[in-house]
Structures are given as C-alpha cells and as structure tokens.
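Q: Chains as they are written, first to last, in the numbering used here: chain R, 1 to 308; chain S, 1 to 259.
Hint data in this document are derived by calculation from the structure and do not stem from the laboratory. Each residue gets a CB set at the ideal place from its N, CA and C atoms; glycine is no exception. Hints may be right or wrong, so weigh each one.
[Unchecked claim] Restraint ranges, calculated between C-beta atoms of paired labels, are given here:
#, chain 1, residue 1, chain 2, residue 2, range
1, S, Ser147, R, Ile243, 23 to 31 Å
2, S, Ala23, R, Arg122, 38 to 46 Å
3, S, Ser147, R, Gly12, 41 to 49 Å
4, R, Lys69, S, Met20, 52 to 60 Å
5, S, Met20, R, Pro70, 55 to 63 Å
[Said to hold, decoys possible] Far from chain S by the CB rule (all over 10 Å, computed), these chain R residues:
#, residue
6, Glu71
7, Ala218
8, Arg256
One-letter residues, chain by chain:
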Amino acid sequence: MIELEHVVKRYGGRGAVDGMTLTIEARTLCAFVGPSGCGKSTTLRLINALIRPDEGVIRIDGQDIAAIKPETLRRGIGYVIQSIGLFPHWNVADNIATVPRLLHWPKARIEARIDELLHLLRLDPGEFRTKFPHQLSGGQQQRVGVARALAADPNIVLMDEPFGALDPPTREALQGEIRRIQAETQKTIVFVTHDMDEALRLGDRVAVMQSGKLVQFATPAEILAKPANEFVRQFVGGADMSIRVLAVARVAERMRRDGAAEGEPIRERASLKEALTLMMTSGREILPVIDDKGARVGIIRLTDLAHL
Amino acid sequence: MSAMRRALGLSPLTWALAAMLVALVLVLPHLFAPMHWLFPQIERPVYERASFVELVLSHLTLVLASTTAAAIVGVSAGIFATRQSGAEFAPLINAIAAIGQTFPPVAVLAISVPLLGYGGPPTLVALAVYAALPITENTIAGLTAVSRDVKDAAEGLGFSRLRMLADVELPLASPIILNGIRIAVIINIGTATIGSTIGALTLGSPIIEGLSASNPAYVLEGALVVALLAIWVDRLFEDIVRAARRHSGLVTSDADAAG
Numbered sequence: 001m002i003e004l005e006h007v008v009k010r011y012g013g014r015g016a017v018d019g020m021t022l023t024i025e026a027r028t029l030c031a032f033v034g035p036s037g038c039g040k041s042t043t044l045r046l047i048n049a050l051i052r053p054d055e056g057v058i059r060i061d062g063q064d065i066a067a068i069k070p071e072t073l074r075r076g077i078g079y080v081i082q083s084i085g086l087f088p089h090w091n092v093a094d095n096i097a098t099v100p101r102l103l104h105w106p107k108a109r110i111e112a113r114i115d116e117l118l119h120l121l122r123l124d125p126g127e128f129r130t131k132f133p134h135q136l137s138g139g140q141q142q143r144v145g146v147a148r149a150l151a152a153d154p155n156i157v158l159m160d161e162p163f164g165a166l167d168p169p170t171r172e173a174l175q176g177e178i179r180r181i182q183a184e185t186q187k188t189i190v191f192v193t194h195d196m197d198e199a200l201r202l203g204d205r206v207a208v209m210q211s212g213k214l215v216q217f218a219t220p221a222e223i224l225a226k227p228a229n230e231f232v233r234q235f236v237g238g239a240d241m242s243i244r245v246l247a248v249a250r251v252a253e254r255m256r257r258d259g260a261a262e263g264e265p266i267r268e269r270a271s272l273k274e275a276l277t278l279m280m281t282s283g284r285e286i287l288p289v290i291d292d293k294g295a296r297v298g299i300i301r302l303t304d305l306a307h308l
Numbered sequence: 001m002s003a004m005r006r007a008l009g010l011s012p013l014t015w016a017l018a019a020m021l022v023a024l025v026l027v028l029p030h031l032f033a034p035m036h037w038l039f040p041q042i043e044r045p046v047y048e049r050a051s052f053v054e055l056v057l058s059h060l061t062l063v064l065a066s067t068t069a070a071a072i073v074g075v076s077a078g079i080f081a082t083r084q085s086g087a088e089f090a091p092l093i094n095a096i097a098a099i100g101q102t103f104p105p106v107a108v109l110a111i112s113v114p115l116l117g118y119g120g121p122p123t124l125v126a127l128a129v130y131a132a133l134p135i136t137e138n139t140i141a142g143l144t145a146v147s148r149d150v151k152d153a154a155e156g157l158g159f160s161r162l163r164m165l166a167d168v169e170l171p172l173a174s175p176i177i178l179n180g181i182r183i184a185v186i187i188n189i190g191t192a193t194i195g196s197t198i199g200a201l202t203l204g205s206p207i208i209e210g211l212s213a214s215n216p217a218y219v220l221e222g223a224l225v226v227a228l229l230a231i232w233v234d235r236l237f238e239d240i241v242r243a244a245r246r247h248s249g250l251v252t253s254d255a256d257a258a259g
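Start from the sequences and build out the full structure, keeping to the hints where you can.
A: And the structure:
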C-alpha cells in the first residue's frame with residue numbers, strides 16, 4: 001500500500017505537485033493520467049525518492065520513505081521509463097540481472113530468474129539472453145525493461161509512460177502483457193500515462209491530475225459515468241464516451257451463463273470492444289465465451305453490449 | 001598464430017608494423033653501406049653512441065610512465081568535474097585542459113628544467129603535465145555523453161553513485177577516454193624526442209645530435225624509428241578502442257562482422 005499525505009513539490013515557486021493526498025491499495029494497478037506538466041511523473045518519482053517532497057509524507061506499507069536509504073528503497077521498487085534506459089554495454093541477461101546483482105543474490109538463483117522473466121515476457125531465452133539492446137526492436141527492448149523492473153520480485157512497480165514511444169500494435173500487445181502480469185503476480189503497479197484510453201484500459205483505479213492537483217480518483221467505470229468536472233469530461237472525450245465504455249467493460253460482466261453458440265469464441269477477460277469487433281468481422285450476433293483455460297462458460301449477444 | 005591474434009584483438013596491420021619496427025631497430029646498426037651511399041660526404045653515417053634498442057626502450061619508458069601518471073590524474077580530474085560536488089570546478093578544469101594544450105611542449109619542457117634540472121625527470125614531468133590535458137578533456141566529454149536515460153534508469157533501479165560510475169558511466173565512456181589516452185601517447189612519442197635537448201636519452205638523441213653536428217643521416221635514422229613507433233602505437237590503440245567498443249556492445253552487428 002502506498003500512501004501520499006498532503007505531498008507538495010515546488011519547482012521555481014510553482015507547485016508541480018500541489019497538496020496530493022491519496023492511497024494506492026496493494027495488488028492493484030493505479031493509472032495516473034493528465035496532460036503533460038500536470039505533475040504525474042513528478043508524483044511517480046516522489047514514490048521512489050528520486051525527488052524529495054517539500055511538504056507532506058509518503059508511506060509504503062506504513063513506513064515513511066524518508067527514513068529509508070534511497071538505494072535500499074529503490075532496489076525494492078521496480079522502475080520502468082519511457083526511454084527504457086537499458087544498459088547498452090550489457091546483454092539482455094545482464095540487464096535483467098541488474099537488481100538481483102545489486103542485492104547479491106546467488107548466481108544460480110539469478111540465472112533461473114532471468115529465464116523465468118524472459119518466459120513471462122514471452123521472449124525466448126535461447127534467442128534473447130545474449131542479445132544486446134541495440135539488436136532489439138523497441139517493443140522487445142521495453143519487454144526487457146519490464147523484465148528488469150520485475151527481476152528482484154518487488155511488490156511495487158512504477159511505470160513512467162512505459163509504452164509512450166512504441167507504435168500502436170506493439171503498445172496494445174504490451175498493455176495486454178501488463179494486465180496479464182499484474183493478474184499473475186499480484187504486484188502493486190503505479191502507471192503514468194497521458195493517454196486516457198490507456199489509463200481506462202489498464203487501471204483498476206484512475207487518478208486524473210491537472211496542474212499538480214488530483215481532480216478525480218476512481219474506477220474507470222465511475223470516471224466514465226460521473227466525471228468529476230468539465231476538465232475530466234473533456235479529457236475523457238464526450239462524444240466517444242460510449243465506445244470507451246465498451247473498451248473498459250469486460251465480456252465477463254455482460255455474458256450469460258446459459259445458451260449455446262458456434263464459431264470462434266471470445267475470452268471472458270476480453271473487452272466488450274473486442275467482442276463487438278469479433279461479431280462484426282465474423283458476421284455473427286452471438287459469440288461463445290471461454291475462460292482462461294479455454295473451457296466454454298457461456299455466450300454473449302450483440303444486444304448484451306447495448307445495455308449501458 | 002591467428003587464434004592468438006584474435007584473442008588479443010590485434011589487426012594484421014598492427015602485427016606487420018610491430019615486425020617492421022623490430023626489424024628496423026635490429027638492422028639499423030648494420031646499415032653502414034646504404035647510409036654511406038646516401039650520405040657519401042659523412043664519415044660515420046650510423047648513430048653508435050647508444051644502441052637503437054636502448055633508445056627505443058628508454059623512449060618508451062618515458063612515454064609510458066608519463067602517460068600512466070597523466071591518465072591517473074586526468075581521469076580523476078574528469079570524474080571529479082562531472083560529479084555533483086565538482087560541478088562548480090568543471091568550467092575551470094575544462095578551461096585549463098583546453099588552454100593548456102595551446103602551450104607548445106617545448107615551453108613546458110623549458111619551464112620544468114629550472115625546477116627539476118636536466119635529464120629524465122624534468123622530461124617525464126613535462127610529458128605527464130602535457131598528456132593530462134587531452135585525457136582530462138576526453139574523460140569529461142565521455143562521462144558527459146552517457147545518456148541521461150541510462151543514468152536515470154540506473155538511479156531508479158537503486159545503483160549507488162559509486163556503482164553507477166564503475167558499472168555504467170566509466171564503461172560507456174571508455175571508448176572516448178581511451179581515445180584521449182591515445183592522443184596523449186601519440187603526442188608524447190613525438191614530444192619525448194625534445195627531451196634529448198635537456199639530456200634525456202630518447203629517440204630524439206640521434207635527431208638532436210644530427211642537427212647540431214650537421215649529420216642528416218642521424219636525423220633520418222632517429223626520425224624513421226620515431227615515426228614508425230608512433231604509427232604502430234596509434235594502430236595498437238585503434239585495435240584496443242575497437243575491442244572496447246565491441247566488448248561494450250556499442251557497435252552494430254554489421255560493423256561487428258566487418259571488424
């Protein structure tokens with residue numbers, strides 16, 4: 001659990017973060033979203049003490065981080081940045097091993113952990129272990145960046161616009177990976193983005209920021225249904241709202257347990273938007289629904305999507 | 001042989017130059033006939049006051065000792081100037097390194113004589129002072145060039161300042177720092193010859209003596225060996241810098257295959 005209490009950080013008299021109070025529950029993904037300069041990245045860097053607040057207290061699991069040696073604190077928190085920042089003189093395996101080595105893990109444990117993480121990020125260890133960063137695509141580099149952040153199994157992972165520099169398909173694939181990894185590993189993830197779609201898709205809760213202040217902190221559904229003010233409404237994008245709801249809501253929330261359907265199924269964890277896309281491309285109004293293991297669990301109809 | 005060559009990472013050209021240098025040094029004392037043919041009016045056309053092996057070893061000792069001292073001082077100064085605590089001194093250190101290089105080496109040598117007398121020691125000091133300048137300058141340039149993103153990631157992952165310097169900054173700056181050392185060594189190989197004007201035993205000895213005694217044969221012999229030595233060391237550094245870049249994964253796979 002991460003708690004911020006009346007946190008203020010000023011740059012040149014202006015409050016980059018201006019009296020921020022919020023609690024991020026453990027094992028959830030919290031997305032900070034807002035226009036550039038709103039203080040979302042500053043908030044993130046306050047959590048791992050890359051910058052110190054001028055006022056207020058930040059606690060992790062009840063402990064004031066000001067009392068922890070910064071290096072020790074940071075080794076316990078994963079960190080992913082937009083520019084990735086892989087060490088260009090180290091291969092993939094060495095990059096991933098960074099924090100375990102700083103923590104003096106035994107060699108065998110580090111080697112095993114590297115393979116485990118490459119599998120988790122869907123990179124073949126045989127192929128990628130010995131590659132250097134400049135030999136990887138942008139998407140592969142950021143997969144390694146995420147693996148490096150997760151290496152020492154930190155409870156908290158901070159991500160500062162991690163996919164901002166990637167092309168849309170790569171970006172969507174990695175967003176999917178983050179949701180899956182979060183579900184599998186139960187990390188507390190703090191995710192900064194300027195893209196409301198990304199925030200709504202990934203966040204269990206979304207923190208909307210404007211000029212250093214927190215304007216709304218709620219679930220994606222609440223933000224879509226009840227934007228706190230005109231700024232949030234604008235940011236969510238008035239006209240596209242219903243389409244965004246489709247992107248946020250899951251098939252599991254609308255499916256029926258009874259009934260039968262034929263053809264290509266949809267996963268229950270998929271979004272309603274994906275279900276609609278599949279209906280349109282396959283020309284069907286009813287889709288079978290399967291769970292993660294591939295077992296049939298029900299159906300979803302076109303009309304089920306419309307009940308907003 | 002080829003396995004060893006690959007292990008050391010030295011190119012065939014470097015080996016060839018080394019062989020040429022050794023051959024030249026060994027053969028020079030026996031070149032009375034061709035030298036006499038080239039300079040018929042000179043009675044003793046082969047320098048014999050000291051053997052060329054002795055001259056090369058003495059010359060290289062001066063260059064290596066002075067450059068090692070310069071590297072320690074220069075790299076330390078460069079590291080200090082790029083730390084937070086040394087940031088105030090960075091412009092000053094940079095200015096000294098830049099202005100210092102505009103001093104002619106002879107002037108540095110002239111200044112060190114009244115302080116240290118004649119012979120090897122003043123030459124050593126003058127060479128070290130002079131060589132420290134490009135090394136300092138390149139260390140600052142190399143450390144400054146390390147990408148902000150990489151340093152940000154390192155800091156965020158929990159590197160201490162010292163670990164960041166040793167594991168990230170210095171390895172990434174090493175090709176540029178090594179280039180500074182290379183410049184310093186090459187300058188010193190040439191400048192060390194002037195040391196013979198104040199009594200140091202170097203490859204400049206035959207050159208200086210040849211000039212003062214109107215013996216162009218001595219000048220030619222000294223100059224040939226010095227030139228070949230400088231070219232060989234330059235190639236040697238080329239190989240070392242390339243190996244450092246390859247080792248640090250800073251080259252593309254194409255260049256890797258070509259190298």
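Q: Evaluate each hint against the coordinates.
A: Evaluation of the provided hints:
no. : hint                              : result
1   : S:Ser147 <-> R:Ile243: 23 to 31 Å : 39 Å, violated
2   : S:Ala23 <-> R:Arg122: 38 to 46 Å  : 59 Å, violated
3   : S:Ser147 <-> R:Gly12: 41 to 49 Å  : 26 Å, violated
4   : R:Lys69 <-> S:Met20: 52 to 60 Å   : 58 Å, holds
5   : S:Met20 <-> R:Pro70: 55 to 63 Å   : 56 Å, holds
6   : Glu71                             : 5 Å, violated
7   : Ala218                            : 28 Å, holds
8   : Arg256                            : 47 Å, holds
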